[in-house]
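Enquirer: Single-letter residue listing:
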Amino acid sequence: MASIIFSNVFKRYGTKSASVTAVDNLNVAIREREFMVFVGPSGCGKTTALRMVAGLEDISDGTISIDGLIVNDVQPRHRDIAMVFQNYALYPHMSVYDNMAFALKLRGVSRGDIDRRVKNASSLLELDLYLKRKPGALSGGQRQRVALARAIVREPKLFLMDEPLSNLDAKLRVHTRAEIIKLHRTLGITTIYVTHDQVEAMTMGDRIVVMRNGTVQQCDTPLAIYNKPANTFVAGFIGMPPMNFLSASLERKSSGGYEVGLGSVKVPLDCPKNENLDRCLNKKVVAGLRPADIKYGQALSSRTKDEFINLRSIVDIVEPMGDVTTIYVTAGPHRLTAQIDGQNKIAESDTLDLAFDPSRLYLFDEVSGVSLL
Amino acid sequence: MISNSSNETMIAQKAPTAWSGLLKRSTGVSSSLTLQQRFGAHLILILLCVPALLPFLWMVATSLKGDTQIFSTTLTWSTLFPYPLHWSNYSGALEAIPFVVYLKNTLLLCLVTVVGTTFSSAVVAYGFGKMEFPAKGVLFLLMISTMALPAQVTMVPVFALFRWLHWYGTYLPLMVPSFFGTPFYIFLLTQFYRNLPTTLAEAARIDGAGEWTIFWRIMLPLSKPALITCALFQFMATWNDFFGPLLYINDPSKYTLAYGLQQFLSVHGSEWARLMAASTLFVLPIILLFFLAQKTFIQGVATTGGKN
Ligand SMILES: Nc1ncnc2c1ncn2[C@@H]1O[C@H](COP(=O)(O)OP(=O)(O)OP(=O)(O)O)[C@@H](O)[C@H]1O
Ligand SMILES: [Mg+2]
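Those protein sequence lines, which keep their order, are chains A and B. Each residue of the first sequence is one higher than the one before, counting from 1 in our numbering. Each residue of the second sequence is one higher than the one before, counting from 1 in our numbering.
This is chain B alone, in the form it adopts within the complex (with noise of 0.2 Å):
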């Protein structure tokens, strides 16, 4: 009893430092938990977890495991959990696919479009939010209508016209659009611009500054945390996007990991434990740029330079 008490107090006093913060900043409630209270709350919340991470345990483990234990029919203890480690899946997945050539071209599709997109989609949300001219509204809803499109729509038509280009098989198609802008960042952005105090454009403008200073110099740098929000979610488009890929390249040494990680499949079909290797290394960068973004989410927006 004395040392269940005792455990459960350490756990309690560990998760207030870790998460409490956290917790604290989004919801607000929680420092109205009593320490047992906060410990039922992770307890759901961890058990909530579960059915999302599964599948991604599952893979992990089977990345790891040799061939008798994933062909194992019975779910027992020693089939669940992989021993002995076969890292040597890891290596055999490098080895199987042209990892480092996919990842190249995966980051440099991911590079340019990230680039291009969340600039190309400040430009322009700037111009919604903190700019006038006629039929602003009209244009805007018309931006925000185009979301509605489902991208199956437009499928065919733009391919015809990549191809007419004599963009087909290049990159191009993967790239150019992402320099005009893409309707959900544009949404995003001008909210925030909409929020950024008028009289910091006005200061500067008085300072001598104009419209594409204020915008570069004031505006961009205020919505930072916006734009890495927006440049995440792009990278984590284009990293996943298998469909761009498969319409338009055909040279293998093009290929990204999303669409190669596909080959692979076709190709070695039956090496589950190399797949699920490859797999993982795909998922993992996303994985760590997630953790190391979570600050800007949570830090949200400093933009006061004013009385508050």
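Chain A extracted, bound-state conformation (with noise of 0.2 Å):
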């Protein structure tokens, strides 16, 4: 079990003239047997952070700490740590056996030893049937198995996991995702997991780190995150569908408070004087709306009819997903996408009245996109 700490942490690709920044100025910290999770669009640093991790990749600038040893010079092979690679990198030429048994007899341990602890990862996670295969002769689940395996024979103090699930159909990366989620919690080995997808990120991690162009844009719980995000990339990038931005102009209410104004809609904002908000009157701000809150029809009781904000609003895509229904309507100036419960009768070009709570509104910035609340 281990803690991790990046300090300062900088990775530069290339001459100091054309140079590219691969991760900038990293600054997290994780926890003994947290499950973190790296997450942003493709290029954005993940794998390198997590490489720089490993050893695999040298570090430019700043330390990489583990248990308060800074190993920004320590061999991969010292750092005690196994890693899941995005294409698994099995030994093709070793049977699943080797594979998992062959860091331990680099390590020289006893062949009782190897032995008893394949045997417990192999049925920990269903291989025993599968010990004297080659990896070419096993699917891609079982594949990601083996290689899940290979890291838990080791019990070292660290997992790093880099998008471990992307070669699997979505089915059997549901099932492993669960999996996994298990064997963290049986082992509690501290993890770092790398993803671009979102909804593992926000099924998996204890926290999260939200990434984009080598930079941190957010650090924190999934739910907090959720809930609070930094920050217009942040808030769209996690939730799906993705959260709806409504341009907006920000002005006092004549008793006192903020108001929102969304075209000819008015949203009074219930929130405390602040300077952000201060800073932001009079001008034209983003609105961030997530089409889980946007409700309709049943959802709406008598009682939240009065308090919601309503949007006539004319429906151009229906796309029914069973349990909910994804819809795509133009609300005067804007175009929005709500979710709201599968069994609504709805068709193209209805006309609805949707529904919002006030409280449930974003403000950013209009300019950095930083949140305002």
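Bear in mind the hints are in silico, worked out from the structure with no lab data behind them. All values derive from a computational prediction rather than experimental measurement. Glycine included, C-beta positions come from ideal geometry on N, C-alpha and C. Don't take each hint at face value.
Residues of chain B clear of chain A, computed beta-carbon distances all greater than 10 Å [stated by the list, open to error]:
{"hint": "1", "residue": "L48"}
{"hint": "2", "residue": "F99"}
{"hint": "3", "residue": "P197"}
{"hint": "4", "residue": "L200"}
Listed next, the stretches of chain A that the computed footprint assigns to chain B, with coverage defined by at least 3 CB atoms under 8 Å from CB atoms of chain B [as the list claims (entries may be wrong)]:
{"hint": "5", "segment": "89-97"}
{"hint": "6", "segment": "101-112"}
Put the two chains together into one complex, using the hints given.
Expert: The structure is reproduced here in structure tokens:
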């Protein structure tokens, strides 16, 4: 079990004159036993950050420490970590058993111990039947499990996983997702998990680091990130379907509070005096509204109807999914995505009365995108 | 007519089982051919083989003929095919030259040079293919450029060098250089190593392997097909090498087959039947080797432990 601290970590590729900064001043502290997810779009530097922890990539600047020990110059094999690669990187010429035993053999573990540990790991991941097979004779899901098993036989103090589920089909991905979480609960090994899939991040992480262009946008628990995204990027990245962004204006109510103008609709803001908001008064801001916060029909009780803000909308596209239906609508000048109960019967070009709770409205600075609330 | 067509389908049906697998893999086209087209294609290929095969067949035929047949001046069916079969030419050939001694010498040289050159080339190639070091590009280019250097250019200085080392008359000049890699094999293997997934090496590094272990336990086993190709090339090169023994070997008990055969010619110049028998024996192992190794050539590269 280990704690990891990134301290002002930079990674630059290429020469001084034409360099790419893949990781830009990363500062994250990962606690013991934590399942930390690094998430972000392609090319944001997640893999690079992970590889620096593994020791496969030099650190251009700053320090990474494991259990308080700076590991910048420590060889990968002395860091006591295990890594699951995106393409699994199983040794093709070795049987599943030998793949799992390889690291133990190199560490001089006795034969009996190797056998016991391999058997344990393989029964944990239901691989007993395949121990004699070569990786080439396994399905994608089985290979994935071998890659996991190879990592856990090591009994390392830190797991690194680089998009281990991205090659699996949707169903298997959900299944294995749960399996990895279960494994983490059982073994309690600190894990850094890299993914570009926000669903994986939300469902798996104790905490999430959202990255973009090498910089950390936000680091918090999944719910905190969902409820209080630090900026428009995080708000748009976490949550599915993505948050609606509407151009709005911020005004002062005659009675003293704030008020958001969404075209002709005025939304009162129930929020204390705030420097950020004061700075943006009478200026344009970006309002955010999650599709799931837009209600329709039965979801609106008579009580809430009075407090909610009504949005008369025309339906453009309907995407039924059974449990929920995603509708794309036009409400005045705004185009919105809404997610409503799947049992509603809705057709294209219907006119609907949608409504949302004003307290669920997000506000962001128009230029910097930083959250104002 | 009926018998003719049934005959044709019989051959055509046999052909796919034997060859189409091979063809499919190498061209990917044959599956779109009809049986007739495939039959035609094979016919053409077989005809094209004739010029290449003719000298070989002639050699084998001559090795089984008696002198009267060999020296008959008319070319008829009866002189073309050996009859009766003079198997004694073979025993004669084996007696006329110390065949077994030459064979032993040749095999020894083959073994040492094959192991030496394959291994040393693989080490160097792995360095070029998978490791980073200063001036790698320049060094690689330099190594490649030595391939353009004809052996004749370096022959005299190399000979002088080995004489200065007092290696003249021993196998050392024929063996030792093979332990320093061969540019062509290095080039071949470098391409191979470059294409092996880097994550395998990284996985091994995290698993606790040092650079040497990665090479020895992961990369070398994975490059088996390429190594076998190099080994085969080197085996043939040493087996057929005439010039090396000619330059450096003067003791008849150390002659190799290629060189010894030439000696046979100068001593028993007119005994064509036995010469051809000896020659047949000489090429037989090469042919056998190719037959056995064919699979490895075709098998190609199984390197993915990944998603594919
Ligand atoms: N060896 C390299 N040389 C130069 N640039 C590199 C190198 N490796 C990565 N980069 C750059 O660094 C940035 C981050 O790459 P990284 O692989 O960490 O992205 P990622 O977040 O893992 O993306 P993905 O989700 O696509 O795997 C990218 O812009 C990439 O082009
Ligand atoms: Mg990546």
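Enquirer: The structure should be examined with respect to each hint, and the outcome stated for every one.
Expert: We went through each hint and held it up to the structure:
no.	hint	verdict
1	L48	37 Å, holds
2	F99	40 Å, holds
3	P197	7 Å, violated
4	L200	5 Å, violated
5	89-97	holds (count 5)
6	101-112	holds (count 4)
Going through the hint list in order, the structure does not satisfy hints 3, 4.
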